[in-house]
Each structure stands twice: as C-alpha cells, then as structure tokens.
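Student: Based on the hints, put chain B in the right spot on chain A.
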Amino acid sequence: MKYYSEDHEWIVVDGDVATIGVSEYAANELGDITYVELPAEGDDVTVGDTLGVVESVKAASDIYSPLSGAIKAINGALEDEPNLINESPEDKGWICKISNFDSSELNGMMNEDAYQDFLKEIS
Amino acid sequence: MVADQVFNTPLRACHESLGAKMVPFAGWNMPVNYKEGIIAEHNHCRNHVALFDICHMGEFKVQGTGALEALDRIFARPVFNQPIGVCRYNFLLNDNGKVMDDLIVYRLDEEDFFIVVNAGTRYTDAERIKSQLPEGITFKDVSDQTAKLDLQGPEAADVLAAANVNIAELPRYFRWGNIEINGIPVLISRTGYTGELGFELYFDSSKAVDMWEFLLSFEQVKPVGLGARDTLRLEVGYALYGHELDDQHTPLDAGYAPMLKIEDNPDRNFTGKAALVATEPEWKLVAIALDGRRAARAGAEILKGEEVVGVVTSGAFGPSVGAAIAMGYVKADSGIDIGDDIELTAGRATISGAVTELPFYKDSSVRKKL
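Keeping their order, the protein sequence lines are chains A and B.
The first sequence begins at 1 in my numbering and counts up by one.
The second sequence begins at 1001 in my numbering and counts up by one.
Chain A with its partners taken away, still in its complex shape (with noise of 0.2 Å):
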C-alpha cells in the first residue's frame, strides 16, 4: 500500500516495514539534487523528526519522519548518486526503511489518487 504525506513524502508499506522517499513533485520542486544527508541504521524516529537532509543546487530541505519507529536500512547509493532522487523519485531514490512502527500512524496519510488532488490544490 502506497501513502503520501502533506510534506510530499511517500510510504509504502510492506509487511511491517515502511519505505519512505520523496515524491515525484518534490523532487521537481527541489531541482538537481546534488547531495543527501541520510538517517543513521538503528536510530530510532518520532513523527516529524528531521530523517536528513536533500540538498539541491540551490537549496537545502530537511526531511521530516512521517512515522516513528526505527530506522532499518537506508539508501546508501544516494550517497555518491545524489541525483537517484531526480532519475526515480518513488522507486531507486528511496531514502530509508523504518520497522517497528504504529500503523495508526498512516491514517491521516493520503492515498495516490488524495495525493494528485492535494497537489492540484496547492498549484
């Protein structure tokens, strides 16, 4: 299952493991990416903490955790192809993997379908 979040992040929930990324939008939004500022493997998250960093040529934007629970792998290839973001935002520009979260967490998240509205609202 596929969520978004208002800060433009995507969730997709496997199992009890969430992937989390940056949706197509946003990374249009930011432009070339050109570096990223990953969590940490083990670290533990609360909604809204900040997860890293997305730099673009012109800007830098935290990411914000849209769940709480603990960070079980992240997506170390963004670290020398920051640009994965821009390539394939909601597939190989994956950020990190979160475990061991509430999934009451994903009530208030959008579904795709939300999401494309939400972003026709806000253009």
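Check the hints yourself; a few may be wrong.
[To be verified] Cβ pair distances, simulated, as ranges:
1) Arg-1348(B) x Ser-104(A): 23 to 31 Å
2) Glu-29(A) x Asn-1269(B): 51 to 59 Å
3) Lys-1369(B) x Gln-116(A): 53 to 61 Å
4) Asp-7(A) x Glu-1219(B): 35 to 43 Å
5) Ala-77(A) x Val-1308(B): 30 to 38 Å
6) Glu-6(A) x Leu-1108(B): 55 to 63 Å
[As the list claims (entries may be wrong)] Computed cross-link-like contacts, BS3-like style, restricted to lysine-lysine with a CA-CA straight-line distance of at most 25 Å:
7) Lys-1261(B) x Lys-1098(B)
8) Lys-1273(B) x Lys-1130(B)
9) Lys-92(A) x Lys-1035(B)
10) Lys-120(A) x Lys-1021(B)
11) Lys-120(A) x Lys-1035(B)
I should point out that these hints are in silico values taken from the structure, not numbers from a laboratory.
These figures come from a predicted structure and were not determined experimentally.
Where a beta carbon is used, it is the ideal one built from N, C-alpha and C, also for glycine.
Tutor: Structure of chain B alone, referenced to chain A:
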C-alpha cells in the same frame, strides 16, 4: 520605482513557452532554469553555448567634454588611462570606501562611455553617478531601451561565424566592437560571467525576441537560467553583488587592490579613496574547497577550531568541480591563508574544507584565442 513592482524582460513569454521556472531576482521576474535543470544547463555552457537573458541589468550613457576626467573621479579603478575600445571592470564606492556596485565601463570614444550595472542597484547607481557629474556632461539611463543577451561557451564564436559574423571583427578579451547579427546592430564585448569564451550583446530592446529566437536556432545554443549562471560564476570565483561585494566591504577586502593601482597613481583622487586608504582592510575574501558534495550556504559561519573567523558569502555544489565550493569573508587579522583547514556550518552539521586558490574550475575557455 514602486517598491513591490516586479518587472519583466521583453523575453518573458519566450521563457514561459520554454517551460522556465520563473523567480523574482532584484525586482525582476527571471528564469532560474528551463526544463533540463541547472546542472544540465551548467554543463551545456561549459561544453557548448549558453544563451542568457540579462535584459534586467542596467545600462547608462555618459557623454560630453570632461566625461573621462569625471568618471575617473567617480570610479575606484582608473578610467583616465582606459583606451577607447576597452571595457574595464570597476567599482562605485560610497564615502566610506564600501562598494555600492560593481560594474563595467566601456570607453566608446574620447568622452563617450557606456556603463553596465547590476539590476538591483540601477537607481541608486544612477543617482550616485549623476550627483557627481559636472554641468555639461549628459547622463542617460538607457536600460529600458537596451536588451542584453549573453552568449557564453567554448563554441560561442563558432555560432557567431555561422551567423555570418566575421570572426576577425570580434573583439578580444575585455574589448568591445560594433557588429550586426541577423541584421540587428549590436554593441558586442568579449566579456561574461561564466568563465567561458563568450560575448555580451547590447541592442535595441524591440529586437530582443528576434535575437533570442535567432540565436537559439543554432544547434549548439541552449537557453540557460540564473541558477546555472550562479554556479558557473562561482566556479571561476567571480563576485556577485549582494554576496561577495556589498556596502559593508571595500574592494580591498574583496582582494581587488591589484586592479585599483592606488600606489601607482598617488595623485589620483576618487570618491571613497580617503576612507579606503585610511585603514588596513578589516576582511579578506577567501575561496573554500569543501570536502564532499554537501554545500555551505551564504550566511554559514567559518570556523577555525572553535573560533568563528568569518562568514560564507556564496556556496553551492560546483557541477564541473564535482564537489561543494564556497567563498566567504574571514577577519583579516585571523591569519587564515591558502592551504588552511577550516570548518563551515550547515544547519546542524559542520563541513570541513580548506582555503584554496581561485578559480575552482581550471579548464575555462575564457581567454581562448580565436
């Protein structure tokens, strides 16, 4: 000028039809990048030819007997010995010797000058210059009638040749000439803001769309926005007004003493000189090569050990350098010099780097022989 008014260049519709992302810059609605994005545009300028809409910048004409002498007193770098045909990078100072603007003075004839200034300082520059001109010298702000396009990149002369311009008639580095492109009379100078071989073109603003479309019709040429213009100039260490130069710093702070030649011309006086020579520079502009891709942005602190010794004025990932680069002011008495390791703040983190020599990008075609 109305405070909240945003101006458009004659090319706004062209930018929008090319899918540009438009942003406000110095009171103007300008393209920050087109569809391919900043890095692709940056690389295109380094490898082929970039076309920039720079119509927002200001242009003045100063003419009349005594103009040479008057401008020599108004600008910090000598004008008195500037040959006809030459363009010279120069500075307008306030009474404290701090920089009100950096600009280029074109000597068109004995007493006939063309001055190109930043968009954000156009009106204050005009007042400052006019107030110091003696009677009988005319000052005209011709910015609204003048279009400016920058054609920059190692193949820029090839494009002009393909446009039926005689290469032998193109001006040499920091010189200007009069040519025709596509039937349009153009004041052309071999100057620019990218570190590449290139030209700046000035012509009647009613021809802006014609010229833009004509130059984009050549396969080597792509439109490039202000985003890449910033990374291109930073990689070769060119100052940006409001960042490396401002009314808090002197041209000596910024390292331009060799251009001003104050000791060589002891009898020469210019506005701001008294304040400039009264004290030693308080600041020193340095170039910083960062360790890695993460950038420190304008406003970040420069640390030597635990001590804050300065502030970053510009910082970005340098696409042709492959790493983050920055420029910034350190206190002159900090003793910081080339080779010294320093740290920069970036949000919660600190990034290490070293003070280095300019330019960051060394394969520039800017002085390439034609």
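Student: Give a verdict on every hint.
Tutor: Do the hints match the structure? See the list:
no.: 1; hint: Arg-1348(B) x Ser-104(A): 23 to 31 Å; verdict: holds, 30 Å
no.: 2; hint: Glu-29(A) x Asn-1269(B): 51 to 59 Å; verdict: holds, 52 Å
no.: 3; hint: Lys-1369(B) x Gln-116(A): 53 to 61 Å; verdict: holds, 55 Å
no.: 4; hint: Asp-7(A) x Glu-1219(B): 35 to 43 Å; verdict: holds, 42 Å
no.: 5; hint: Ala-77(A) x Val-1308(B): 30 to 38 Å; verdict: holds, 36 Å
no.: 6; hint: Glu-6(A) x Leu-1108(B): 55 to 63 Å; verdict: holds, 57 Å
no.: 7; hint: Lys-1261(B) x Lys-1098(B); verdict: holds, 17 Å
no.: 8; hint: Lys-1273(B) x Lys-1130(B); verdict: holds, 19 Å
no.: 9; hint: Lys-92(A) x Lys-1035(B); verdict: holds, 22 Å
no.: 10; hint: Lys-120(A) x Lys-1021(B); verdict: holds, 18 Å
no.: 11; hint: Lys-120(A) x Lys-1035(B); verdict: holds, 20 Å
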